[in-house]
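**Q** Chains A, B and C, in that order, are what the protein sequence lines are.
According to the working numbering, numbering within the first sequence proceeds without interruption in unit steps and concludes at 229.
According to the working numbering, numbering within the second sequence proceeds without interruption in unit steps and concludes at 458.
According to the working numbering, numbering within the third sequence proceeds without interruption in unit steps and concludes at 687.
Do not take every clue at face value.
Some but not every residue of chain B turned toward chain C, in silico, with C-beta under 10 angstroms [as the list claims (entries may be wrong)]: (1) D246; (2) V247; (3) E286; (4) A294; (5) G304; (6) I319; (7) V350; (8) L417.
Here are the simulated EDC-like cross-link-like pairs (lysine to aspartate or glutamate), alpha carbons at most 16 angstroms apart as the crow flies [claimed, not checked]: (9) A:K228 - A:E57; (10) B:K457 - B:E286; (11) A:K228 - A:E203; (12) B:K409 - B:E432; (13) A:K26 - A:D154; (14) A:K37 - C:E677; (15) B:K283 - B:E271; (16) A:K228 - A:E212; (17) C:K495 - B:E267; (18) A:K37 - C:E496; (19) C:K611 - C:E677; (20) B:K266 - A:E212; (21) C:K495 - B:E441; (22) A:K153 - A:E203; (23) B:K382 - B:D324; (24) C:K512 - C:E496; (25) C:K484 - C:E670; (26) B:K266 - A:E159.
In short, the hints are calculated from the structure, not lab data.
Just so it is clear, the structure is predicted and the values come from calculations on it, not from any experiment.
All C-beta atoms in this analysis are idealised placements derived from N, C-alpha and C, irrespective of residue type, glycine included.
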Amino acid sequence: MMNSIQQNIIDNQHNMDVRCIVLAAKGNVFSAGHNLKELTAEQGSDLHSQVFRKCTELINVIHSAPIPIIAKVDGLAAAAGCQLVASCDIAICSDISTFSTPGASFGIFCSTPGIAVVRAVPRMKAAYMLLTGLPINANEALEAGLVSKVVQKDCLNDEVKNVCNAIASKSRAVITLGKKFFYEQIILDISTAYARGEQVMVENLATSDGREGINSFVEKRPPQWSHKG
Amino acid sequence: MMNSIQQNIIDNQHNMDVRCIVLAAKGNVFSAGHNLKELTAEQGSDLHSQVFRKCTELINVIHSAPIPIIAKVDGLAAAAGCQLVASCDIAICSDISTFSTPGASFGIFCSTPGIAVVRAVPRMKAAYMLLTGLPINANEALEAGLVSKVVQKDCLNDEVKNVCNAIASKSRAVITLGKKFFYEQIILDISTAYARGEQVMVENLATSDGREGINSFVEKRPPQWSHKG
Amino acid sequence: MMNSIQQNIIDNQHNMDVRCIVLAAKGNVFSAGHNLKELTAEQGSDLHSQVFRKCTELINVIHSAPIPIIAKVDGLAAAAGCQLVASCDIAICSDISTFSTPGASFGIFCSTPGIAVVRAVPRMKAAYMLLTGLPINANEALEAGLVSKVVQKDCLNDEVKNVCNAIASKSRAVITLGKKFFYEQIILDISTAYARGEQVMVENLATSDGREGINSFVEKRPPQWSHKG
């Protein structure tokens, strides 16, 4: 499953007609995390290492994809499934969704999911989820920052479409440079971030779609993106 | 506009009678961000650089001002206007206010606003705002941490007065040392922050208003601040 | 009081029958912070230094305890009392609880409480609390991330029991390694955190309770923890 998601992102991310990628599931489980049968002692430490390395690799692929990766959650996201949600660029969920990191109940503390979760939600909420394994509901997830938006179950498709359309209405090249700098600046101290951010803004304005966007605004007409920067 | 705000802060921040500064707007736009006419290709990269450098400069002036700078928002705060709100010490907004970073719709991704926004709100909310350009409302802004407080439109003046009075009832010198250390410690690792914080507390107690505050408490009387530390 | 809490944690944290520690108060004040009579000029800077050093020491003891430390708040948590809540692993509070950092009103800015508070809640909320001294209520505290959960006053005991039971149902050794890595990874950059996290997961699976947890899941039976890792 991890290989498949990763390969699908890699294969499609440079297709100019693909403007964002939505991760969704059939049925009422978004993802319950790792297959615990791969984590038995019989499978051995080498396989365990491979499984967790692959998971990190997938998350890096999501972060470095040139287009937004959106989690569409309609049900349970647990353990590495919760990590996956927290690692997407945007997460939209239905009001029946729940989120948990219950690994400790199965003897394996959600240490790697916790890396993504505590960078998405307040420490007090992350520690509660990790130490108790208890689930939080969709509204708690929104309040905590684990998801971007919650909507009623029957509005989920429309809301995701809304988000995709908002992204698709912009220049692909501008979204790519914006996403790239967003993750770049998060880990910088604020002064370095601004010094670099000023340059990025000036470079953005010098691209063909940067110029077109400003011109279209000044000329009061819709922009015609080249999507090529 | 940026020059004017900056100069007004600099000119008034050392006036002992000024205890905090409120940034507000006439009408229902707090700030829609940069003037896009300054960002056309004709104006040239040098002017673009100057504009963004000035913006960072203004934000540094807000952070280093010895008194609190409060955003009073009653309407739209977009792009660099949203950055300005996120960069104030305190932000109070009315319930009709909205916040967005829609630059990508005009070909210029809100890369510098994103620096302030992602340091104020959860990453999942910041990425949603930046990648879609869609607005969030006042309650979403509060929930996310972009503003300190939301009140009904007709209570906004009173609430801002309330905050200003709370600040004005304290020693100016103590507020100044407190704000200074607050931004100093945020960027330190927690151990260094505590080591330095312990010193700051001891130094604070040794100031004249530190001694007066403790004495007034022990003697069960109102404090008489010198405001001079 | 600080000595007593610290000593009680140290004395009990390695008792295998103790699975978590709950900090609670009698009456409607969880903690109003430092005793200001210890902070008068007469007491002298050396005592002031000792008081704040002890406070940091206590917080380090909470962080490094091998079992979760839970704040059960049913009333006021102010100044260093608010810092104490923000420094626990989990905080559960009743709906009548309030939280504030009003030190500046007594001439002593809550600089050290601010270190814990701004690492728990959005910067905009922390600055509001510190600069105005105004209290926030239980729901605002939850929304901001200062507490993990809010319940009605008459449900507080049950909710804390619920959390304790959730922790006690797991392997003590797994909770210990999970808590330890949680605080370790928070301060790492995300790549280093994942590299280290992958190792921790593999090591966790190789412990006796890691193996037992996975086996019990595969064999569809309740786990029998050794609690010894």
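**Q** For each hint, tell me whether it holds in the structure or not.
**A** Going through the hints against the structure:
| no. | hint | verdict |
| --- | --- | --- |
| 1 | D246 | violated (18 angstroms) |
| 2 | V247 | violated (15 angstroms) |
| 3 | E286 | violated (20 angstroms) |
| 4 | A294 | violated (12 angstroms) |
| 5 | G304 | violated (18 angstroms) |
| 6 | I319 | holds (5 angstroms) |
| 7 | V350 | holds (7 angstroms) |
| 8 | L417 | holds (8 angstroms) |
| 9 | A:K228 - A:E57 | violated (28 angstroms) |
| 10 | B:K457 - B:E286 | violated (28 angstroms) |
| 11 | A:K228 - A:E203 | holds (14 angstroms) |
| 12 | B:K409 - B:E432 | holds (13 angstroms) |
| 13 | A:K26 - A:D154 | holds (15 angstroms) |
| 14 | A:K37 - C:E677 | holds (10 angstroms) |
| 15 | B:K283 - B:E271 | violated (19 angstroms) |
| 16 | A:K228 - A:E212 | holds (12 angstroms) |
| 17 | C:K495 - B:E267 | violated (59 angstroms) |
| 18 | A:K37 - C:E496 | violated (59 angstroms) |
| 19 | C:K611 - C:E677 | violated (41 angstroms) |
| 20 | B:K266 - A:E212 | holds (13 angstroms) |
| 21 | C:K495 - B:E441 | holds (13 angstroms) |
| 22 | A:K153 - A:E203 | violated (41 angstroms) |
| 23 | B:K382 - B:D324 | holds (6 angstroms) |
| 24 | C:K512 - C:E496 | holds (13 angstroms) |
| 25 | C:K484 - C:E670 | violated (41 angstroms) |
| 26 | B:K266 - A:E159 | violated (33 angstroms) |
When each numbered hint is compared with the structure, violations occur for hints 1, 2, 3, 4, 5, 9, 10, 15, 17, 18, 19, 22, 25 and 26.
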